[in-house]
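Below, each chain spelled out in residue letters.
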Amino acid sequence: MATTQQLTPAMQRQRSARLRRNTLYLVLIVLGLLAPLAIYPVFLMKVLCFALFACAFNLLLGYAGLLSFGHAAFLATGGYFTGIMLASYPGLTPEVGILIGTLAAVVLGTFFGVLAIRRQGIYFAMVTLALAQMVFFFFVQAPFTGGEDGLHGVPRGELFGLISLSDNLNMYYFVFAVFVIGFAIIQRAVHSPYGQVLKAIRENEPRAVSLGYNVDAYKLVAFVLSAGLAGLAGSTKTVVFQLASLTDAHWHMSGEVILMTLLGGVGTLFGPVVGAGLVVSLQTQLAQSPLGNWVSVILGLIFVVCVLSFRSGIVGEIQKMVRKNFK
Amino acid sequence: MTQEFILETRGLTKEFRGFTAVDDVNLQVRDGHIHALIGPNGAGKTTVFNLLTKFLPPTRGEILYRGKPITGMKANEIARLGLVRSFQISAVFAHMTAMENVRVALQRKLGTSFHFWKSEKSLEHLNERALELLDEVGLREYADVLTVEMPYGRKRALEVATTLALEPTLMLLDEPTQGMGAEDVDRIVELIRRVAKGRTVLMVEHNLSVVSRLCDRITVLARGSVLAEGDYQSVSRDPQVREAYMGSDAAAEEEASA
Chain A
1 MATTQQLTPA
11 MQRQRSARLR
21 RNTLYLVLIV
31 LGLLAPLAIY
41 PVFLMKVLCF
51 ALFACAFNLL
61 LGYAGLLSFG
71 HAAFLATGGY
81 FTGIMLASYP
91 GLTPEVGILI
101 GTLAAVVLGT
111 FFGVLAIRRQ
121 GIYFAMVTLA
131 LAQMVFFFFV
141 QAPFTGGEDG
151 LHGVPRGELF
161 GLISLSDNLN
171 MYYFVFAVFV
181 IGFAIIQRAV
191 HSPYGQVLKA
201 IRENEPRAVS
211 LGYNVDAYKL
221 VAFVLSAGLA
231 GLAGSTKTVV
241 FQLASLTDAH
251 WHMSGEVILM
261 TLLGGVGTLF
271 GPVVGAGLVV
281 SLQTQLAQSP
291 LGNWVSVILG
301 LIFVVCVLSF
311 RSGIVGEIQK
321 MVRKNFK
Chain B
1001 MTQEFILETR
1011 GLTKEFRGFT
1021 AVDDVNLQVR
1031 DGHIHALIGP
1041 NGAGKTTVFN
1051 LLTKFLPPTR
1061 GEILYRGKPI
1071 TGMKANEIAR
1081 LGLVRSFQIS
1091 AVFAHMTAME
1101 NVRVALQRKL
1111 GTSFHFWKSE
1121 KSLEHLNERA
1131 LELLDEVGLR
1141 EYADVLTVEM
1151 PYGRKRALEV
1161 ATTLALEPTL
1171 MLLDEPTQGM
1181 GAEDVDRIVE
1191 LIRRVAKGRT
1201 VLMVEHNLSV
1211 VSRLCDRITV
1221 LARGSVLAEG
1231 DYQSVSRDPQ
1241 VREAYMGSDA
1251 AAEEEASA
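Line order of the protein sequences matches chains A and B.
Just so we're aligned, residue 1 is where the first sequence starts under the working numbering, counting upward by one.
Just so we're aligned, residue 1001 is where the second sequence starts under the working numbering, counting upward by one.
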């Protein structure tokens, strides 16, 4: 090929990396499509919802360097709005309900973001926590959320008014599609012109400012994207389990998503998926075993071991190993 | 008359809880000059620098760029005017390649920097210009190297390339040769001389030999105020400057030997 543009070695490396990545995605999609044949679909759907939640959180922590301690608020807001909509308007199809829930989370995320983004580090985390607690108490008190009992009996309905989602397999493929779309949005955002600036800001914020970038605006976009995707995860979860509960709004949930992300590998695209899978599996397995009451302790121990001995998380450590041995 | 000065300050003052770090500084930087800001440790050079680049808000005083006040502007806004600063510690994006570092500066003008739905392949047409800029500072062979793996002197050169990508009219360099070996210092001095053509440079610098080789005009700061101003010859003869800069002992010794 007599192209005038020469390919530098890095560009060639990037291209082959892109090819490898696409192959990996294809394999994973096929696996995802086949998974319900081997594993109970409801469990898989739970994993996928939390995986999307963790991926959304990771977009903020891993790629914008912002530690939010209030992401439960977005998960719950998405869940409640979708739940209330679908329960009160029987004519509404589930995808519209999910869209409304997601939008609600976007609006809340914009509000949180504008208030919190100017603060740095621990102060940012504290502001998000405080705001999320306000949202939690709102959901406790509000008459339409069912308070401590939660919101029950949300109908799954029929997708586009055509496909019944009461069938678990149909439901699973819908959730899988939602997850793939959410993941694709994050993947693209990270590898976009915007992602480059975000990376630069994370690497050296003052320098990004001196290059003329309004860093707060870039962080706000990341925050709103992350909040919206967390809302999408919550909305989808509500449709799957036909309920929205206060557990999702509690600060434990904000902590759990940090755990999932760090365990799987912060700043890696697949880390949060692995972390969410692991945490949800452990919770499910332990809940059925005699160790049921020790779930939090065991997760806590795993967390401590993870932070002390393999800081980049499972996927991060694997990446390091691959880089060391195959290059 | 203001037009001959590209950057001017009037009564610039910065107080930190009662401590006056910068006291009524009137600075005038001529268009096309390489202007140095020197002074002993704690003289307020870096504070002045941060005030000029809006990284700190001034307590009092005015900053004018081409005769227009920029005192109330934000740091990222003045960068868009063409005032681009460097930092004392090399400010590079460590986990990006040298080419990506320069490209981040180039991509702002595309206006797609908020487009999170676009592929980063849309930036590849900037690669050619990025390579040119790397070439200009002698870093072409480092294009694909992660910045974190580059030697210190090269990182500073990369910083210059990134700054040049914005086509600044006024470059503000904060101690560009700090922490460098002699060989790197020479390289950077040459580089600054080369890129300063057709531009104005204001630099904070400790290394007096660098200042004497490069600068058209020098402002000496001591304890937050301007002590002297002029070219290197006149400033270096100023007894007050000698005392402030080298300590009274050195000045006395000098006098004794004279």
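Keep in mind the hints are simulated off the structure, nothing from the lab.
Worth double-checking, as some hints may not be accurate.
[To be verified] The list that follows gives simulated cross-link-like pairs (lysine-lysine, BS3-like), each with its CA atoms no further than 25 Å apart:
(1) Lys-1197(B) / Lys-199(A)
(2) Lys-1197(B) / Lys-1109(B)
(3) Lys-199(A) / Lys-1068(B)
(4) Lys-1068(B) / Lys-1197(B)
(5) Lys-1155(B) / Lys-1197(B)
(6) Lys-1121(B) / Lys-1109(B)
(7) Lys-1118(B) / Lys-199(A)
(8) Lys-199(A) / Lys-1121(B)
(9) Lys-199(A) / Lys-324(A)
(10) Lys-1074(B) / Lys-1118(B)
(11) Lys-320(A) / Lys-199(A)
(12) Lys-199(A) / Lys-1074(B)
(13) Lys-1109(B) / Lys-1068(B)
(14) Lys-1118(B) / Lys-1068(B)
Results of checking the hints against the structure:
no.: 1; hint: Lys-1197(B) / Lys-199(A); verdict: 32 Å, violated
no.: 2; hint: Lys-1197(B) / Lys-1109(B); verdict: 23 Å, holds
no.: 3; hint: Lys-199(A) / Lys-1068(B); verdict: 34 Å, violated
no.: 4; hint: Lys-1068(B) / Lys-1197(B); verdict: 24 Å, holds
no.: 5; hint: Lys-1155(B) / Lys-1197(B); verdict: 22 Å, holds
no.: 6; hint: Lys-1121(B) / Lys-1109(B); verdict: 16 Å, holds
no.: 7; hint: Lys-1118(B) / Lys-199(A); verdict: 16 Å, holds
no.: 8; hint: Lys-199(A) / Lys-1121(B); verdict: 16 Å, holds
no.: 9; hint: Lys-199(A) / Lys-324(A); verdict: 23 Å, holds
no.: 10; hint: Lys-1074(B) / Lys-1118(B); verdict: 28 Å, violated
no.: 11; hint: Lys-320(A) / Lys-199(A); verdict: 19 Å, holds
no.: 12; hint: Lys-199(A) / Lys-1074(B); verdict: 21 Å, holds
no.: 13; hint: Lys-1109(B) / Lys-1068(B); verdict: 23 Å, holds
no.: 14; hint: Lys-1118(B) / Lys-1068(B); verdict: 38 Å, violated
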